[in-house]
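Heads up: the sequence shown at position 194 corresponds to 183 in the numbering used here, and the numbers run straight through without jumps.
Since the hints were made in silico from the structure, they are not lab data. Please note that a few of the clues may not be correct.
[Unchecked claim] List time: in silico DSSO-like cross-link candidates among lysine-lysine, alpha-carbon distance up to 27 Å:
| id | residue 1 | residue 2 |
| --- | --- | --- |
| 1 | 107 | 146 |
| 2 | 157 | 146 |
| 3 | 146 | 86 |
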Amino acid sequence: MTEDRSTPDDAERPEGEPRFSFTDKRKVNPEDGSIRPSGDTPAAEGQGSDEPVDPIDAEAAQLFEQAAQDGSESVPADAGRVAELEGQVAALTEELKREQAEYVNSRRRIEGAAEVSKEAAVARVLGSLIGVLDDVELGRQHGDIAEGTPFHSIAQKLEEVLGSHGLKRFGAVGEEFDPNLHEALMHEDADDAETATISLVMQPGYQMHDRILRPARVGTRGPA
-10 MTEDRSTPDD AERPEGEPRF SFTDKRKVNP EDGSIRPSGD TPAAEGQGSD EPVDPIDAEA
50 AQLFEQAAQD GSESVPADAG RVAELEGQVA ALTEELKREQ AEYVNSRRRI EGAAEVSKEA
110 AVARVLGSLI GVLDDVELGR QHGDIAEGTP FHSIAQKLEE VLGSHGLKRF GAVGEEFDPN
170 LHEALMHEDA DDAETATISL VMQPGYQMHD RILRPARVGT RGPA
């Protein structure tokens, strides 16, 4: 007795009608998007393996494969380009920092030079007025510029204006002699003195801030 190998589909299929079969010819696996090797495509029953391939499926498979290859090749190329650009950015940043530091230093040098020039100009003007201040001081000593007179008011305002620019008078009797500030034109020996002091002021000294415009010309008294 022969075994019946018919299927339910065979029972429903009319006698003489060809049996239906489905063959998946797609080159791209719809589940994971991978490319199917040419040998993995199952052939339909009763058909040879040299059946013509659908041009649309072939083109789609080729484009998909090319895109996959281009993507894998562009990753290291893009990474190298990014590293190169990062290096350029770092170099430009360092150069910018150096330029900024040089600009700040140059600006400080220019400002410092301008301040020195300004002080030198003011010192020259004040130095030229020292002779006028000497005449004012002599007028006070001789009573020509008495308090309450117009000349006294003018002299006082002149000294205030010059003082606002840093001009100061120094050198008085009893001060300790300082060769950096005083110029000794005469000296009196005194065995009882421990240090030299100013005993006579011939001309007061003037300074603008730390700049000595004229040393005080004095007479001193002290050890021989």
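*Agreement of residue 157 and residue 146 with the hint, judged by alpha carbon distance not exceeding 27 Å*: 14 Å, holds
*Restraint status (C-alpha distance of residue 107 to residue 146 at most 27 Å)*: 23 Å, holds
_Given hint residue 86 paired with residue 146 - CA-CA distance at most 27 Å_ = Roughly 52 Å between the alpha carbons, so the hint for residue 146 and residue 86 is violated.
When each numbered hint is compared with the structure, a violation occurs for hint 3 only.
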